[in-house]
Amino acid sequence: MINGLDLLKSRSLKEKLDFSAIEESYTVLIPPILKVFLNSFEWDKILVDGKEFHYYPELSGGEVTFPFTDGIEGSLKSTVNSSDEEIINRKLILIATNRYGFYVGTLDEERDKILTKTKSTEGSFKVVADNIFEFLRGITDNLSDVADTEEEFRQFMLSLGYEDDDLEDEIDDWKNYRGI
Amino acid sequence: MLFEDGMFMRILDWDAVAKTKFLDDILENKNLLVSFGGNRSLVDSWNDLAKIGKKVDGVPQGHALRADTDFLERYSKLDPTKKVKLRDYLDKQKAFSGRKGQVNYVESKYIDGVGDVTIRYDQYGFPDFTDYCPRPTNKYILYADDLKGTSADFRRANQKLAKEYGFEKPYPKGSDNKYLELESGDFRWTPGNQNFYKKVNGEWIKHTWHHHQDGKTIFPLDSRIHNTSEPGSSGFPHSGGDALIKEDLKEIFESPIFN
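Which chain is which? The protein sequence lines are P and L, in order.
When we follow our numbering, the leftmost residue of the first sequence carries the number 1, and every step to the right adds one.
When we follow our numbering, the leftmost residue of the second sequence carries the number 1001, and every step to the right adds one.
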């Protein structure tokens, strides 16, 4: 099983990112932990490009991709070009996509927090991780490994809204995967 | 007619903001007053929908649906719990930037990799994505009375579509016991995933399932148009039918018509 932190490579000491120029250009202040992350790591493109993952603590938005392997500017462009007033007003930086997106907060108490939604109605952006490192720790390429027992997996699928035959099918699949 | 049956006293009880807004509305749309007739439940419904929506200086601007007497009629017949839920939904209803609480408008934007896209938001403020559902539509659309408003619906829709392409359960697995990606013609899907890919002009395009606001229909469209979380530029913001299903508010809004 690949964890989100496995998708990173350390960034060369020779590379210096000019955050102030980027911030000025997009009028968004990049929060401190995200700066540390960007300065220290880069995505391992072989593991990330075109690949889909799951964010185990919050699965309602579906498969997660990391499209911004070329730097933070793509993320910031998404913020300023958004058609969603809430994203623009809250200056949320898109770092990973799924149905609702995973964003890094930039303002006040939201700084560095990772936010997403569980439904499409407004005002429901909620914090799912304290910072990008904690978020990446919850990324997995194999959901079947999130539970150790059948009951644990059942509760997990129930929390996703599965029931009746759908639920039993998923549990059968999981048992098959685990060789139970 | 408006003043029959104690209605005048009812309106007198409203706060100043509601009274002013009501006066503005009936001056702008004189038919509204005629439509209300002596029906006090319509006036109460108007008042409910005038108290929601975007706030300016702390004052809610109301939802444009308050001028739609057909909708007010439907709303007035809901039980009190459903009224509260629907009001809450409409209060939070997503809209294109700057359009909160509005209905019947058209927005266009350039979407990376797609081009210029124009979407009409309908008489209830929902985007009309029907033109972007792949054709033939009957291959892609899932109509069901028992949608759950959760990812289980996507599973069901994907399985129906996979069947259209000749894939039946049990789906094949690799040596590590994980599902293999299924591919046939212009369809690609990994069982368990919410999205599928469709080949369009030689390129694999991610498609997202859209819960229509009727609560009984889901259909797919290019994720870059549907989602506001795609890179480069975002799609068209909207509140989906999933939340309506979860709140037991199915069939308040009409089903889509695919031309």
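The hints are simulated quantities; they were obtained by calculation from the structure and are not laboratory data.
Where a beta carbon is used, it is the ideal one built from N, C-alpha and C, also for glycine.
The reader is advised that the hints may include incorrect statements.
[As the list claims (entries may be wrong)] Here are the in silico distance ranges between beta carbons for each label pair: (1) P:ASP145 with L:TYR1165: 45 to 51 Å; (2) P:LEU17 with L:GLY1098: 40 to 46 Å; (3) L:LYS1199 with P:SER12: 36 to 42 Å; (4) L:GLU1254 with P:SER159: 29 to 35 Å; (5) L:GLU1073 with P:SER20: 54 to 60 Å; (6) L:SER1175 with P:VAL127: 46 to 52 Å; (7) P:ASP172 with L:PRO1136: 28 to 34 Å; (8) L:ASP1186 with P:ASP145: 29 to 35 Å; (9) L:GLY1115 with P:ASP172: 42 to 48 Å.
[As the list claims (entries may be wrong)] Stretch by stretch, here's where chain L covers chain P in the computed footprint (C-beta under 8 Å, at least three residues): (10) 70-81; (11) 132-144.
Hints, verified against the model:
1. P:ASP145 with L:TYR1165: 45 to 51 Å: violated, 29 Å
2. P:LEU17 with L:GLY1098: 40 to 46 Å: violated, 33 Å
3. L:LYS1199 with P:SER12: 36 to 42 Å: holds, 38 Å
4. L:GLU1254 with P:SER159: 29 to 35 Å: Between GLU1254 (chain L) and SER159 (chain P), where Cβ atoms are some 33 Å apart, the hint holds.
5. L:GLU1073 with P:SER20: 54 to 60 Å: Roughly 58 Å apart at Cβ, these two residues keep to the hinted range, so it holds.
6. L:SER1175 with P:VAL127: 46 to 52 Å: About 39 Å separates the Cβ atoms of SER1175 (chain L) and VAL127 (chain P), which means 46 to 52 Å is violated.
7. P:ASP172 with L:PRO1136: 28 to 34 Å: holds, 33 Å
8. L:ASP1186 with P:ASP145: 29 to 35 Å: holds, 32 Å
9. L:GLY1115 with P:ASP172: 42 to 48 Å: Since the Cβ atoms of GLY1115 (chain L) and ASP172 (chain P) sit about 44 Å apart, the hinted range of 42 to 48 Å holds.
10. 70-81: holds (count 5)
11. 132-144: holds (count 3)
The structure fails hints 1, 2, 6 (numbered hints given earlier, in ascending order).
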